[in-house]
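Asks: Model the full assembly from the supplied sequences, consistent with the hints where possible.
Chains A and B, in that order, give the protein sequences.
When we follow the numbering used here, the leftmost residue of the first sequence carries the number 1, and every step to the right adds one.
When we follow the numbering used here, the leftmost residue of the second sequence carries the number 1, and every step to the right adds one.
Some hints here could point you the wrong way.
Note that the list lumps identical chains together, so a pair holds whenever it fits in one copy or between two copies.
As the list claims (entries may be wrong) - In silico lysine-lysine, BS3-like type, Cα no more than 25 Å apart, as pairs:
#, residue 1, residue 2
1, K488, K647
2, K325, K702
3, K647, K143
4, K488, K650
5, K488, K500
Derived from the structure by calculation, the hints contain no laboratory data.
Please read these numbers as outputs of a predicted model, since none were measured by experiment.
Protein chains: 2
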Amino acid sequence: MASIQDIGLSAAINLMSAFAFLFAFAMLRLQPVNDRVYFPKWYLKGIRGSPTRSRGIMNRFVNLDWTTYVKFLNWMPAALQMPELELIEHAGLDSAVYIRIYLLGLKMFVPITLLAFGVLVPVNWTGETLENIDDLTFSNVDKLSISNVPPGSPRFWAHITMTYVFTIWTCYTLYMEYKTVAIMRLRHLAAESRRPDQLTVLVRNVPPDSDESVNEHVEHFFCVNHPDHYLCHQVVYNANDLAKLVAQRKAMQNWLTYYENKYERKPTDRPTTKTGYGGFWGTTVDAIDFYTSKMEVLAEKEAAEREKIMNDPKAIMPAAFVSFKSRWGTAVCAQTQQCHNPTIWLTEWAPEPRDVFWDNLAIPYVELSIRRLLTTVALFFLIFCFMIPIAFVQSLANLEGIQKVLSFLKPVIEMKTVKSVIQGFLPGIALKIFLIILPTILMTMSQIEGYTSLSYLDRRSAEKSFWFIIVNVFLGSIITGTAFQQLKSFLEQPPTEIPKTVGVSIPMKATIFITYIMVDGWAGIAAEILRVVPLVVFHLKNTFLVKTEQDRQQAMDPGHLDFATSEPRIQFYFLLGLVYAAVAPILLPFIIVFFAFSYVVFRHQVINVYDQKYESGARYWPDVHRRLIICLIISQLLMMGLLSTKKLAKVTALLLPQLILTFWFNRYCAGRFESAFSKFPLQEAMVKDTLEKATEPNLNLKEYLKDAYVHPVFKGKDFDRPRVVDEEESNPLVPTRRTSQVTSRYNSEASSSTTATPVANKNTGSPGSM
Amino acid sequence: MASIQDIGLSAAINLMSAFAFLFAFAMLRLQPVNDRVYFPKWYLKGIRGSPTRSRGIMNRFVNLDWTTYVKFLNWMPAALQMPELELIEHAGLDSAVYIRIYLLGLKMFVPITLLAFGVLVPVNWTGETLENIDDLTFSNVDKLSISNVPPGSPRFWAHITMTYVFTIWTCYTLYMEYKTVAIMRLRHLAAESRRPDQLTVLVRNVPPDSDESVNEHVEHFFCVNHPDHYLCHQVVYNANDLAKLVAQRKAMQNWLTYYENKYERKPTDRPTTKTGYGGFWGTTVDAIDFYTSKMEVLAEKEAAEREKIMNDPKAIMPAAFVSFKSRWGTAVCAQTQQCHNPTIWLTEWAPEPRDVFWDNLAIPYVELSIRRLLTTVALFFLIFCFMIPIAFVQSLANLEGIQKVLSFLKPVIEMKTVKSVIQGFLPGIALKIFLIILPTILMTMSQIEGYTSLSYLDRRSAEKSFWFIIVNVFLGSIITGTAFQQLKSFLEQPPTEIPKTVGVSIPMKATIFITYIMVDGWAGIAAEILRVVPLVVFHLKNTFLVKTEQDRQQAMDPGHLDFATSEPRIQFYFLLGLVYAAVAPILLPFIIVFFAFSYVVFRHQVINVYDQKYESGARYWPDVHRRLIICLIISQLLMMGLLSTKKLAKVTALLLPQLILTFWFNRYCAGRFESAFSKFPLQEAMVKDTLEKATEPNLNLKEYLKDAYVHPVFKGKDFDRPRVVDEEESNPLVPTRRTSQVTSRYNSEASSSTTATPVANKNTGSPGSM
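Replies: Next comes the structure, spelled out in structure tokens:
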């Protein structure tokens, strides 16, 4: 194990690199030209204008006021100053609660560290075991850990007591935090202004009906079963192909703009391009004409696809967004079962319109069930066997292999520099590439599982990532060998043996984790604030694509808090802290620095940079809480395993009640708070309804909800329904129309017919009428 | 292992005893005097009159028609003749579905047996392993089992294939049965006539309010949050003390009747009794006067207690039965969350009035949570350590111990007969007594857990009993040593070792289980039909207590299907069948006989004898299904363990997909069917509401529901509310009154007041006004 001097040196290096990042950040953020990279949030909010207007030419790009450079850390107090309520309003509850996780880490570990250093460090230090062992070179660091206490010593009572104290303190902070977040969420929901998702339910698995279209079927079902509350609905179109076309056209548009800009700057020289892929080969043509014509073709295709979707009954998916007249009616429909067959007419709260994941809205129940089975099996193999394909790639990447397969490359490979690059980097790169694409793999798996909202996908990916980290980073660092070998050896060991095997190795790995914390947790977080990639991308875009202020607005990439990858990373620090609290307290200060530093950095980012894709009202908190409990239980199990190797097998049983109580605490908290994150109580719904009725008695809800849940590619196009609210609107049995031409045709038919069912419409075979 | 001859002999003995029971039953049931013991159901239904009226004196008691004796088994076809729909109507869905479990056993195991005997028995028989072993005495029975196949033989492919076939067949029958039962339940609910529980919700944990009584608080809450649906409610009184007094008075009444009967038969001799406990000591007094005066004292106490409950605000528990105007409104309230705090205003479907377990209606959430934790821990110790106190009692019960502690008993103990009785029976009796009181212990534990209906208590007790049987009967028979020793050795073995240890022993234990099936499953079931205890009790009561026809009616004890004890017993037979299907198919025919015989016997009992305490509409089926899946998984694990000891470790991995698919099948079924047993879909509710509104437009629901959920001790007494339906009834804000005197007083006050809240009533401090 490394000595205190070694750790000190490593800390110095990492601190220096962290400060280097911070200094670079401080320099760059003061340059007006980077303003949109480091303060995009304020631009999106419309509070900050473009800095290029008012100042001189030089001042537009470079900041020449030297006093601002001296105070290069003054963003830190600024980040801390915004009060929480303002922060919620400014950045949303999701972000505000997310940075509370770091605060929770501080609340949890500062008292634990004080206690551990006050009680356990003296006990360990005076243990005098390691001094008597000659053949191993132990350092001062080890003398601070539990390894220095002789086996069977009564000193372990201190550790057992402290384990209980730490558990109780952890549970207390978790309970208080869960309570606070639940209250924040309820207050947020209560204070929220009217939003379409408050009044809308997502209905999936609408059963096919031979007599009626999906549209009519949904309408009749809800008119009959929620007669007093049903207002209107929107069917879901399968617009995945259309979305692809729209994305293609956008890319073309970028190229067109690029060449137009080029031409504008150099009007003498009309730019050319080649017709092949990427513009690298093929015949040379005039670039602006080429892309203009391509755009036209795409526009035609798009129009045809739009037409097809509107007229093809098969383009309507068996799902719908059903809106109600009141929050009470919505809460009722979202939380009850509609049909005796629980696999059809599935209702759930509609996600926010931005939050909908459109591709997954129409998966049948059986398929969903099979998809979940398959992804679970796949996840298992991904976690435990992920090293196998990588080892395979690594073995392929050795020089002899490459020479044999691709013999013509021989002269190149035998060059000295190429050789060393391949030998030195290729194996590492294979692993690195895998780790970079891992979040994408996990997200794809969650998408295959069939969840219907982005927030849910994020939550599920975070769960997968968490287990990957536990098995491959945590256990992988402690025990040598691949996860699959571990799994095999665990299956062949008694269950009581596993915590022992792992527990024994824990004190020895403290320095590894300390180094990890400094590299990933200190320098890594400092790199986060520098935003190198968005900085480069913004300046590239700004140079080649931006013509107007609006373009510049779109060239900004504010990014967002990526819950799916960053939350499991925090959990890993919690796990380290809990595991090492009673084993090697020396690790704790490093974790505290991580939490404090991250808190400031992310608070700054949330205030100035990130723009969240959706707002879920901190719905992820039950997951965070549950995973923290899992970390706590892992730490307890490992402590039991460790103690049972110290000639204290009987005493270890004393830690069993702690484990049971933690399980119980988890169940208690789930019963006490979890429903605040998944259900909407009728009392609250009624209060909001009553208030709304009193304040806005003449609100036209139907008009308000009309286009709320239209697929983004249809937004603002083709869906302009007549704004006239005719008398039929008050009769819920008359369907709401979407496309104007069908509506007007149908209206004339419906007015001459007394039946509520649009029979006439059926004959025309036009499902475009919603 | 026993030979086929041994098993044949044992089978002959058990068959004979079973036939002896059946013959005794056939004789006894034909005697008119036993008619009420063997056909109580028909008396309760009012279809069968007393046989003593029409015939001659001799014929009243003994059946002299010899032809009826010849056909002593003719009850069997009679039991099978009633069609299922008629059975459901006659005995209820609970009973009809319960006997389908036996039928399911037949459906599952008859094809499995045929396949096993067609494929596995020849494969095993020609394995020729045991013939080559000299030192062990194997019999023909073993040659039919998997033990006869040499390790590493390709013959095991037959077993692996068959395991898959058996699993698929089992899952198929389970799926079909779940589907059938779900449809039966839905049809039953749809066809059901109006019942109070369809329109009522049980509300628990009503929060205390300093300004309002529980009564007012409930009313205002539901008036505000369910304005269109709330109808009325009934608060729950804490009448546990009163119920005790009522039970005491009933016992007194029995004694009084006994002495009055005695006096009537012998008018010259006025009966006497003694005043001490049980009438064994104390001063001698006139019995009739003594009990009459005692009755009077009790009646006074009862009246005082009643008065106290009506006037003491503390006697009202924070729970209420809230009724709604429609099934739709009820379904909504039962399935949604009312308040943002999920531990108060808890709503759930009200159990049937007969099904309510009144003692548990008012347990706060935190207490409930702690109670569940404690009973879970207690159950764990009960299952794994139950042998410890019994071993302690057994060690106390040896002769030396007793002589030492109670030396004055020495001369008695040294008598030869006493000695042999103590040595031979005491240890066994200690165990037997424990096993007899076990269901009571488990039921008490379930009661402590705080469930609110008898049906739920039964289901939870069955769950506990199931695990007790798995651990102590199944594993206990296979592995020697107490359950606690097993647990310890399991913790110290690798997890893959456990199925091996158990799996290896399985083939050797086949004969033990065959004997068990014959004793418990054949003779035991035959004893069930004889009803010895109810027979004796009925004749005792009939002789001493019965005066009128009504008394005789009450003296009948029809009993009921005891789900909590008998369902886990059936599960044990399923487990045996599944475990031995591929290992020792010889066991299967015995199980088939059990299922067939039990089916006939219980069908007869359900038709002629049992009177269920409640009707839950087969709500227990998800539990039955889940436990069957557990049995299937246990059998798969043990098969894997067994095969891995046969030099087939690699092949065993082929059985892993089977395990995963079974888990998935369980989840799929739960998602597909379970909600039919816990939720009431809004569509169905709406259909029933609409139908009721059309057929009975003038129904006075409030009158109908008035006394539905009154504690049984109040039934028909003191709760005569005014029958007049005044105009206030239509105003939901005016509370419903219960006791007439308070109502009339309040009515005069309320009519002069315009506020809806009964302020005047609050001042008088009279919470009796409901």
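Asks: For which of the previously enumerated hints does the structure constitute a violation, in increasing order of number?
Replies: none
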